[in-house]
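K.L.:
Working from the sequences, and respecting the hints, build out all of it.
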Amino acid sequence: MQHLGDEKIKELELAANDIRQSIIEMLLIAGSGHTAGPLGMTDIFTTLYFHTLRYDPKNPLWDKRDRVILSNGHICPVLYTTMAYAGYFPKEELKTLRKFGSRLQGHPHREALPGLETSSGPLGSGLSQAVGMALADRIDFGRATEKFFYCFLGDGELNEGQNWEAMMLAGKEKLHNVVAIIDRNNIQIDGFTEDVMPLESLRAKWEAFNWHVEEIDGHNIASIDRAFNEAQSVFEKPSVIIAHTIPGKGIAEFEHRPEWHGKAPKKEEAEMALRELRTLRGQIMSEHQ
Amino acid sequence: MLNSYLKLNTKVFDKDVEMVPIRKGFGEGLLEAGKKDERVVGLCADLTESTMMHLFKKEFPLRFIQIGIGEQNLASTASGMAAMGKIAFISSYAMFSPGRNWEQIRTTICYNNANVKIAGSHAGVSVGPDGATHQALEDIALTRVIPNMMVISPCDALEAKKATLALAQTTTPAYLRLAREGTPVITTLNTPFSIGKAEVYFDTEKPVATIVATGALVHKALVAASELEKEGIATTVVNLATIKPLDEETIIREAKRTGAVVTVEEHQIRGGMGSAVAECLSKNYPVPQEFIGVDDQFGQSGTPSELLEHYGMGASHIKEAVKKVIMRK
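Taken in sequence, the protein lines are chains A and B. Just so we're aligned, residue 1 is where the first sequence starts under my numbering, counting upward by one. Just so we're aligned, residue 1001 is where the second sequence starts under my numbering, counting upward by one.
Careful: at least some of the hints might be erroneous.
One-sided and incomplete, this derived list gives chain A residues near chain B with beta-carbon spacing under 7 Å [stated by the list, open to error]:
id, residue
1, Pro122
2, Gln129
3, Val131
4, Ala136
5, Asp137
6, Glu165
7, Ala166
8, Met272
9, Leu274
Hints were generated in silico from the structure; no laboratory data involved. The beta carbon of each residue, even a glycine, is placed where N, CA and C say it ideally should be.
P.N.:
The structure is reproduced here in structure tokens:
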């Protein structure tokens, strides 16, 4: 894959900004949901869907597609929004998040929306499913398969023991096309991860399970792109990208604050957030510029 | 007497009736299903031989996944394989799967409506000396409560084989309950089996009660019915192999015929097969019902026959329950 040029990087950064605005808008209408995680992962989702991933939004069940497995289902606003921008469904539908009868359930439901690969919400089971998909794919196509299985995990989610069962299995089976992405934002519901249940040294733990480990700035599009490229080029091990992110990224009031993990912005907060995103934190004066 | 139409094993009441573990039927069925359909895969959590999955593993090593002792990963990995078009069979002891991994089964298998078949072996107190930790008495309740799930509890090894083959042709989640011990062979190759169909295995003229049994205790129910017939009490015995979806038509028809029901299962009374029958009858055709099963207790070590007697699941207990339920009519 081609590495990103400056122009493409700028384009992706602007797309990420748009997606953040849509996330704020949808959460405001929904009246509940998670804010910090989706904003923190927006740059990675944008890079994945608009540069790295192989998919066809008009044919969501295309059998050669890469798979995206969202294990930390509560950050689905970023997945839904990115999918809408990618053309899976009209952006207008984002307003139905968490509403009765919506395809955009509060936590993802595979049966509800084409393009979702799994249902998730209860933490810890996504990596197992990604590993299962890769194992099934290997039975059919051997190690020459072109598919990749991208599994998103929260850092707090790693408290769940099932992750480590799946890590052992992927390491044992040398599933090179499984790529785990950890949202290392250091917060979970009850506070900072290292207070609730320390994860460090995270790199050493994954390495000990026979994974190739990369650590990146999860907001630097060029770094994200390099990380996906590297993960695709490592053939003897599964890869994990530990993406250091800022929860609530893009809105100063939300950043780094655990209380924004599980709530949606109110009207004034949303207006403030949208103003901040539209003016790139006051770098440009007019919202229409 | 035995319902001749069903071509049951005529030696079923003999002392030297052939004894085969129900789980063996699963192993043989899976092997055959694997030969018929290359999409069939097997996953096991370090109990490959005792769940009889080794037969499949030996023939199809590349379609077998050794998960190690991790039943949560077992369930969700299978869900992932099913998402790619596989027909995934997972096996462990019932206490661990669906016992340990219930939420993974609920979310990643049933909510996803994934094509995963869960074989839970060593169910019931008849696993014996291992004691209460290994005696799954709650698994029917755990599985039948989840939407999209089928629950099947075969009465012998041949029926387990037929059930396994039938399940391999379905596309939705299922739980297959298996027992460890040698169990009398009740059916023959010619006995019909289809998912969702209960069969009247023992029939009499002018019956006064119906015994609805499932799993390994169907044999005890037949023995009880045969002895009751000699005492002049006419009953029918229904083999309820599929607990969900429930064959309501047969249950209601038999309740109307006899006006009294005794349910028989090697499981907790609360939430089990008897509860499923009661849910159906109380709504459609209420009749007096007695429940044979474990009455809100844990098991313990012992021989299978000691334990079945101690917890009130022997043929004599079934006979008593029939006499009691008739008095309540």
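K.L.:
Run every hint past the structure and note whether it holds.
P.N.:
The hints, checked one at a time:
With 7 Å as the threshold, the beta carbon of Pro122 (chain A) comes within range of chain B, its nearest partner Cβ sitting at about 5 Å, so the hint holds. The interface hint given for Gln129 (chain A) holds, since its Cβ lies 4 Å from the closest Cβ of chain B, which is under the 7 Å cut-off. For the restraint placing Val131 (chain A) at the interface with chain B, the shortest Cβ-Cβ distance is roughly 6 Å, inside the 7 Å limit, so the hint holds. With its C-beta approaching chain B no nearer than about 4 Å, Ala136 (chain A) sits inside the 7 Å limit, and its interface hint holds.
The beta carbon of Asp137 (chain A) comes within 6 Å of a beta carbon in chain B, closer than 7 Å, and the hint placing it at the interface holds. The restraint placing Glu165 (chain A) at the interface with chain B holds, with a minimum CB-CB distance near 4 Å, inside the 7 Å limit. At its closest, the beta carbon of Ala166 (chain A) sits 5 Å from a beta carbon of chain B; the interface hint therefore holds under the 7 Å criterion. The beta carbon of Met272 (chain A) is not positioned within 7 Å of any beta carbon in chain B (closest approach about 36 Å), and the interface hint is therefore violated.
Annotation: Leu274 (chain A) was flagged as interfacial toward chain B, and the flag is violated, the nearest CB pair being 34 Å apart, outside 7 Å.
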